[in-house]
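Build the complex: two chains, separate frames, hints provided.
Chains as they are written, first to last, in the numbering used here: chain Y, 1 to 330; chain F, 1 to 337.
What the hints contain is simulated information worked out from the structure, not anything from laboratory work. Among the hints, a few may not be true.
[Said to hold, decoys possible] Dumping the calculated DSS-like pairs for lysine-lysine here, alpha-carbon to alpha-carbon at most 27 Å:
#, chain 1, residue 1, chain 2, residue 2
1, F, Lys140, Y, Lys304
2, Y, Lys23, Y, Lys38
3, F, Lys271, Y, Lys184
4, F, Lys140, Y, Lys155
5, Y, Lys133, Y, Lys102
6, Y, Lys72, Y, Lys133
[To be verified] Not close to chain Y: a few residues of chain F, all C-beta gaps over 12 Å, as computed:
#, residue
7, Met57
8, Asp77
9, Asp285
[As the list claims (entries may be wrong)] Here's a subset of chain F near chain Y, in silico, CB distances under 10 Å, partners left out:
#, residue
10, Gly46
11, Ala68
12, Val108
13, Ala193
14, Asn197
15, Leu272
16, Ile275
Predicted, not measured: the structure shown is a model, and the values here were computed from it. For every residue, glycine included, the Cβ atom is placed at its ideal position computed from N, Cα and C.
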Amino acid sequence: MNQIMGQFGHTGGEEVPALECRKVGRTYMIKRGMFAEKQPLKAVQGINLKVNRGEVLAIVGESGCGKTTLAKMLLGLLEPSEGEILLDGMPISSVSILDIAKKVQPVFQDPYSSLNPRKTIEAIISLPLKVHKIGTKEGRHARVVEYMRLVGLPKRLIHSYPNQLSGGQRQRVAIARALIMEPKIVVCDEPTSALDVSVQAHILNLLQDLREELNLTYAFISHDLAVVEHLADWVAVMYLGRLIEYGRATDIFANPKHPYTRALLDSVLTPDARLGLPEITLGRGLPNPLSPPSGCYFHPRCPKATDECSQEAPVLLETEDRLVECHLYK
Amino acid sequence: MSSNTVLEVENLSVDITVPAGTLHAVTDLSLTVDKGETLCIVGESGCGKSITSLAIMNLLPGKATKTANKLSLEGTDLLSISEKEFANLRGDRIGMIFQDPMTSLNPVFRIGDQLEEVYIEHGKGGRKEARERAEFLLEKVGIVAPRERLSQYPHQLSGGLRQRMMIAMTLMCDPTLIIADEPTTALDVTMQAQTLNLLRSLQKEFNAGLILITHDLGVVARMADRVMVMYAGRAVETGTAVEVFDQPNHPYTQGLINCIPVPGRNEPGSKLGSIRGIVPALVGDLDGCMFRNRCDFVSDDCRGGDIELKEISPGRAYRCLLNPEESARNLTAESAA
Chain Y
1 MNQIMGQFGH
11 TGGEEVPALE
21 CRKVGRTYMI
31 KRGMFAEKQP
41 LKAVQGINLK
51 VNRGEVLAIV
61 GESGCGKTTL
71 AKMLLGLLEP
81 SEGEILLDGM
91 PISSVSILDI
101 AKKVQPVFQD
111 PYSSLNPRKT
121 IEAIISLPLK
131 VHKIGTKEGR
141 HARVVEYMRL
151 VGLPKRLIHS
161 YPNQLSGGQR
171 QRVAIARALI
181 MEPKIVVCDE
191 PTSALDVSVQ
201 AHILNLLQDL
211 REELNLTYAF
221 ISHDLAVVEH
231 LADWVAVMYL
241 GRLIEYGRAT
251 DIFANPKHPY
261 TRALLDSVLT
271 PDARLGLPEI
281 TLGRGLPNPL
291 SPPSGCYFHP
301 RCPKATDECS
311 QEAPVLLETE
321 DRLVECHLYK
Chain F
1 MSSNTVLEVE
11 NLSVDITVPA
21 GTLHAVTDLS
31 LTVDKGETLC
41 IVGESGCGKS
51 ITSLAIMNLL
61 PGKATKTANK
71 LSLEGTDLLS
81 ISEKEFANLR
91 GDRIGMIFQD
101 PMTSLNPVFR
111 IGDQLEEVYI
121 EHGKGGRKEA
131 RERAEFLLEK
141 VGIVAPRERL
151 SQYPHQLSGG
161 LRQRMMIAMT
171 LMCDPTLIIA
181 DEPTTALDVT
191 MQAQTLNLLR
201 SLQKEFNAGL
211 ILITHDLGVV
221 ARMADRVMVM
231 YAGRAVETGT
241 AVEVFDQPNH
251 PYTQGLINCI
261 PVPGRNEPGS
271 KLGSIRGIVP
281 ALVGDLDGCM
291 FRNRCDFVSD
301 DCRGGDIELK
311 EISPGRAYRC
321 LLNPEESARN
331 LTAESAA
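This is chain F alone, in the form it adopts within the complex (with noise of 0.2 Å):
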């Protein structure tokens, strides 16, 4: 572990109880995330990569139950603390920004009482300073007028700037890691790159680490250093943004980056590339490569047994028991057909 480390999770696990016996929602994974560093996870509804987010945060819902071998923030083990310490380090040290800034922000109070109390919660200065430190927080994120807007309720904002105010709120506590779940889904294509951007800028600023979650591959190229793509619950391949884009490996990935449309790589109105089948049921024992029902690579190795998380690279694995020379081929032949 480097001393820039903010967070290391090591085999993180996630079981969640339902009638028809275990849903292994997040099955191994493990992470780091530097300060400064931006790491995005990717993949589709049901992969587990808002459940992960949520182990992190110790919000997993009451039917779950976590296991790692190592969860720590900035040398604080995340494992051995109780739920009251935690609820101290979420909003200081841990900052969440979620999908729905309406949701998550409270409409019966207004924006810099909700700003000031993160503040003051915590610990780190009277209301004055908190409101300083809010005003301060407002002119960084480009709202102008901070004073008034402090005094307004959430529904006389709009969605962009209710999502600015979030990121505020957010950097109140000065945290050293940022999780952000679909920051920006709910808002229109020009908010959503300013929206970005404006994350980007604070992020380094205040050289926090930053875990991204979403599921646009777009927002994922533009704003990741490393990208983790995840499918039913497993990390199934990890680089650098560049190294991942340029050279897939896991058929998954190649799959989900020839499912949308790219201006200059399809020809408007061709046929999209696709995957078939649909995400396997993630209840009770797990075997084999959770993928090979929908690959068009798969053999009879793939069936059974326990596929790992080939590391090529420092830093640059992937889950598949094809070889990358054999995948590169795969992808050329598949940008062909």
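Same shape as in the complex, but just chain Y (with noise of 0.2 Å):
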């Protein structure tokens, strides 16, 4: 698998990919009802993914695709059932969550309920100095007026608790917050969808700044593909835990291979008021996780479903650009 991740893209195969993930998966066992037996819940299976330093992934998928739950793993906070996380080709499993949080942190979607209201701009911006017993109160102090600036947020607020900010503000609290540590990888849930359009543009514009000041990497999970499309250098699609599409955001925009991100890709609304509603023929939700569809996780929503792929599972295939996992490009 590795050799397949380094046939496309990824130049300079020697570097090593500040994130990586070797067939990760999660299960969950679900009960469901009281005097149930426990039953497997795939909620991520068989992800490989490599991102090098300064480059931008973005995991796209609707509600329930295990999005989540690969952010969670990424940032130490569950332990994958299957498979390994490295981080500069360390294995996260072979090192504490102090450790972990020194490389990797997250930004979350709403700022209104992952600020505690109860601390100042302050005291919420230097938790992880002190967590980790960095500096002496002034050298703190100082760190904190410094990623305040480079956040963009005005010194005087240092002293103000969450409740007094905006809510684009909040969000750059919580970007200062992760950044402060001076992590690699930042991993960003949805950073923006909470904010108004006008507050979205400006953090999007942050993000991007800092990324190029600070080489970050950012592992960034987002339903809105304009955004993805503006922002990544790398696109995973996930379908029902599983990777179905992976490879550069422009081929992947420019030409979806997988059926699935077509759909997604055409769902999207761009502001054009001279076309109408587009026409999307994927039926019914996503099906249960429990109980997956045989063969191919997609096939009852397919419009170029054949019988095979309700009787046989596809494997990921690697074309020249992209991975891609149906039976359509064998």
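Set out below in structure tokens:
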């Protein structure tokens, strides 16, 4: 598998990727009803990904596709039940949670619930330093001031509380808190979907600037495909816990291969008043992950499904520019 | 007023008493909706778009007071009727669809009971007719095996299915006006397109007027016949969807459209346009242009007086001192930058 990944796109195969997933999977044991046997729910299975330093990986898919489970594993908050995750070539399982936190930091969706309302902005941003026992009180204060400037927060807010800040300012606090440990990787879980349109643009511009300035790697989870197209170098499309298409953002947006990716892209509503609504023929919602469909997981919703699709599960194939899991491309 | 007009609102204002004084949530807002027409109200949080819909439905919180010169639904004067009569209108002639279908459906009653209740409550018929109507509408919204679905509880349905149930419920009494407040924000992209398609085709089929409230410019562009952009409680620009998106005249509308990444227009990785500053507080006496502190084209004239909503052609208006040629020039300068 490693070899497959090396063959397209990732130039300089010598470079140790900032982030790598090797056949990562996570299975939950779910009990349905009081006396029922526990059943396995494969929230994520067989994910292979590689991201180099300074690149943006976007993970897209519908709710319930395992995006957030994967993000939690990348953050070390959840242990993979199969496979391994490597940070700078080091297996995440061999590193303590505190050391993972030095390398990977999160920015969450809702800046209203992810900041402690009883702490001042200074206390919130400096918390990671405190936890890691870094610096003196004065040193930490100086760092907070520096990072507030970096994310564009006025210094006068340092003793304010989150409820005195606007949504955009709060998200800047969350970004400053994530960056103060100088992580290499930032996992952004829908960082702008709770924000207004005009504020979203500010935060996206900020994330772009910070990436260039600090050579950050982003794992960017989003359902807004226009944002993904704007920001991402690599796109991983997930469906029911599986990676079904993975490649360079430019390739995937120009020419989606998996029928599901195509449907996702067709659903994007660009602000063009001359176009009507797209016809989406996907029908039905996501199937029950406790009893996934036979063969290809996507076949009940797929407009191009054949008999083979319902019987035989496709394998992840490598084409010249991407990975795709579909019988159409054998 | 043409005979096609479903809703007519003239000079609607909503004031809310807050500890610091009076908050002008909506100021001097006028709108009309025709049969079979979709009016999209777009704006950011706090611009008064949801308060407007609540004012139309008479669901404002106790601290809010509304004043209007005219508020009429197909000839019925909504300003003079009692709350009891209003309660009869809601769910009957005015249908409502809210953002989160999970919180707008009652979790302890079966879907069928909730749909039928609307019908029976408004005196449209008995239980049998109600059940037939519910099954008919569930088929209309594309639900297979409607009979089984009707005996399920809301938690047994997916988000997309629940929102379709809400659409079906709204149509139970054949409303003349549907107000949908962010109906697809909680849904996945694929579900969003399907749900909007459904809403649109049913609205045309039932010939109802639709007010769609959203912050999503993509939804507005694809759904709207006419658009009203709101900022700080006022309408700042109105027009058909094509007019507003092709030739936005108000600097705020221009800014909003520039803020979102559009494939093909914005080079991947390039800087997005943005609007500086934040929304002004709406408490106390308000004067001049509300957008002036964030506007790139501000002049001294913007700071005081009453800036009027200038009509440049029927239905097409904007609230700015710049003349159309000037604002068009700004737009081209901005996209070139």
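Consistency of the hints with the structure:
1. F:Lys140 with Y:Lys304: 26 Å, holds
2. Y:Lys23 with Y:Lys38: 24 Å, holds
3. F:Lys271 with Y:Lys184: This hinted pair holds, its Cα atoms lying about 23 Å apart.
4. F:Lys140 with Y:Lys155: Violated, at roughly 57 Å.
5. Y:Lys133 with Y:Lys102: Since the Cα atoms of lysine 133 (chain Y) and lysine 102 (chain Y) sit roughly 12 Å apart, the hinted pair holds (cutoff 27 Å).
6. Y:Lys72 with Y:Lys133: 24 Å, holds
7. Met57: It holds; methionine 57 (chain F) is separated from chain Y by about 24 Å at its closest Cβ, greater than 12 Å.
8. Asp77: 34 Å, holds
9. Asp285: 23 Å, holds
10. Gly46: 9 Å, holds
11. Ala68: Constraint on alanine 68 (chain F) not satisfied, violated at 27 Å.
12. Val108: 19 Å, violated
13. Ala193: 4 Å, holds
14. Asn197: Check passed: Cβ of asparagine 197 (chain F) comes within 5 Å of chain Y, closer than 10 Å.
15. Leu272: Holds - the Cβ of leucine 272 (chain F) comes within 10 Å of chain Y, reaching about 4 Å at its closest.
16. Ile275: 4 Å, holds
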